[in-house]
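**Student:** Single-letter residue listing:
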Amino acid sequence: MASKTPVSLRALPIGTLYRGGEGMWTWVLQRITGVSVFFFLFVHVLDTALVRVSPEAYDLIIATYKTPIVNLLEVGLVGAVLYHALNGIRIILIDFWKRGPRVQRQMIWVVAGVWLVVMIPGTYYMMIHTIDALFGSTP
Amino acid sequence: MSSSPLAAPRSGTRTKQRSNFELYGWLFMRISGIVLVVLVLGHLFIMNILDGGVQRINFAFVAGRWASPFWQVWDLSMLWLAMLHGGNGMRTIINDYAERNQTRFWLKMLLYVSTAFIIVLGTLVIFTFDPNLG
Chain A
1 MASKTPVSLR ALPIGTLYRG GEGMWTWVLQ RITGVSVFFF LFVHVLDTAL
51 VRVSPEAYDL IIATYKTPIV NLLEVGLVGA VLYHALNGIR IILIDFWKRG
101 PRVQRQMIWV VAGVWLVVMI PGTYYMMIHT IDALFGSTP
Chain B
140 MSSSPLAAPR SGTRTKQRSN FELYGWLFMR ISGIVLVVLV LGHLFIMNIL
190 DGGVQRINFA FVAGRWASPF WQVWDLSMLW LAMLHGGNGM RTIINDYAER
240 NQTRFWLKML LYVSTAFIIV LGTLVIFTFD PNLG
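Chains as they are written, first to last, in the working numbering: chain A, 1 to 139; chain B, 140 to 273.
Excised from the complex, chain B in its bound form (with noise of 0.2 Å):
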């Protein structure tokens, strides 16, 4: 519009809506960190310190726990969030750091499919639990 030298390369680069994946990225990083703080303070008291720590758990112990939905609930959603804010904190630190193009890229690749890797075998693991397995 303007007779601004500035015009003319300006003009024509913001056709496109702009993505708010950083903002809920950002969003979903303290969100998640709230809730986590609850689920994996609380996941590291029972297991580490209550009622004699690490020393009392073994497959009974586990298959006590996942009898009780609440439990399974707990884990469930404790896996899913620390997974996918961890996931993120990672893709944060590899798009900082690694500056080679192909790097970021392979690193970022690694990291989608091991994250969600972990993702449906945990998942799995507390769907499919059998108590009376061995």
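Extracted from the complex, chain A is given alone in its bound form (with noise of 0.2 Å):
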């Protein structure tokens, strides 16, 4: 096994997937990111669920949804869902996909690369109601 490693691949300190370096600190990242979205979820349903107790109580709620603070949490929110997403579809790769292992450190700078393509007109789409009542001319 060890005398067919390519010379190439010797070099690298065995488990750097997950043990030390960028792929840790990804891990780490996708646990974070995991409890954080269960957590809000959890919240989600609670708040949908009062649809069944009266329209005025679902719109009260759904209400702070719209004020400035709550919005910039939502971007938080879509934020931490799509690096949980692609960095998700990273791991399948590296499980699944033959040169997977092999490129796994390109592929984070893939990850993040179209976090931030759909994350800043995303973030300005989000929050042009809240930049407009903070900031806008408009009364």
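Some clues are possibly wrong.
[To be verified] Taking CB as the label site, the calculated pair distances span:
| hint | chain 1 | residue 1 | chain 2 | residue 2 | range |
| --- | --- | --- | --- | --- | --- |
| 1 | A | 136 | B | 243 | 49 to 59 Å |
| 2 | A | 68 | B | 203 | 20 to 30 Å |
| 3 | B | 244 | A | 98 | 33 to 43 Å |
[Stated by the list, open to error] Calculated Cβ distances over 12 Å to all of chain A for the following chain B residues:
| hint | residue |
| --- | --- |
| 4 | 157 |
| 5 | 212 |
| 6 | 238 |
| 7 | 247 |
[To be verified] Partial list, computed: chain B residues near chain A (C-beta under 10 Å):
| hint | residue |
| --- | --- |
| 8 | 169 |
| 9 | 192 |
| 10 | 214 |
| 11 | 267 |
None of these hints come from the bench; they were simulated from the model.
The model shown is predicted, which means the values in this text are computed figures rather than measured ones.
We put the beta carbon where it would ideally sit given N, CA and C, even for glycine.
Both chains are given apart, each in its own frame, so use the hints to dock them into the complex.
**Tutor:** Next up, the structure:
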């Protein structure tokens, strides 16, 4: 097994995917975003359940989602979900794609790139109303 | 069989077939993950960005959406897959970090009960929604 390992791969220390280095930090971030999104999901099912109480109760709780601070938290939520999704696809490619483990480090940069390309316009469109309410000239 | 000193303590430890539960759990995370990428990112795009985003959401908006079986199935699949995917992730994290047997057991019980509660509640809300309420 060891004798068949190409020289270029032997230069890498063993266990670089999840132990130490970037691979470990993507894994740590995967856990943190996962736990955060799970707790939000919990609250979100509870607040949506208010549609069974009354239209007024639901509209009242949804009004908090439209406030500037919660609007900013929504951007954070979308950022967390998007990272979790993109890095999740990276994990699937590492596990099932033949070349996956070899290009796992390059795939981190793809994840970061796609995340930025989606989040920059995404943040703008998510916050148009808040930006307008806080800084806009319209009364 | 052999005269190895390790033979005696080893024998009889694998009488029962080992469960493949963790393998199926690992596979479920990947399959549900791919489906959730579409369901959740689609949901976030529609709710937060499209056509005025969160500012346009109210009871009437929900009523309009759930009038369509397509969005009912979408939301129901998302609820079940996301709660099971998240619940299994939390189970893994509890197993990793809660070192005392008692702590691990009770944290997982709390997780299972609350996860089941949210799945049942969300399912009931989707199936019993009344657009003419109030």
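**Student:** Does each hint fit the structure? Answer for all of them.
**Tutor:** Taking the hints in turn, this is what the structure says about them:
1. Distance hint for residue 136 of chain A and residue 243 of chain B: a CB-CB separation of about 52 Å, consistent with the stated range 49 to 59 Å.
2. Hint check: residue 68 of chain A to residue 203 of chain B, Cβ distance near 27 Å, so the stated range 20 to 30 Å holds.
3. In this structure the hint that residue 244 of chain B and residue 98 of chain A lie 33 to 43 Å apart at CB holds, the actual value being about 41 Å.
4. Against the 12 Å criterion, residue 157 of chain B stays outside the reach of chain A, whose nearest CB is about 21 Å from its own CB.
5. Distance check for residue 212 of chain B against chain A: the nearest CB is about 16 Å away, which clears 12 Å, and the non-interface claim stands.
6. Look at residue 238 of chain B: its CB is around 17 Å from the nearest CB on chain A, clear of 12 Å, so calling it non-interface holds up.
7. Consistency note on residue 247 of chain B: stated as away from chain A, and its beta-carbon is indeed over 12 Å from all of that chain's, at 14 Å minimum.
8. Because the beta carbon of residue 169 of chain B sits about 5 Å from the nearest beta carbon in chain A, less than 10 Å, this interface hint is met.
9. The closest approach between the C-beta of residue 192 of chain B and any C-beta of chain A is roughly 6 Å, which is under the 10 Å cut-off, so the hint is satisfied.
10. Of the supplied interface hints, the one on residue 214 of chain B holds, with its beta-carbon coming within about 9 Å of a beta-carbon of chain A, less than 10 Å.
11. Interface restraint check for residue 267 of chain B: the shortest CB-CB distance to chain A comes to about 7 Å, inside 10 Å, so the restraint holds.
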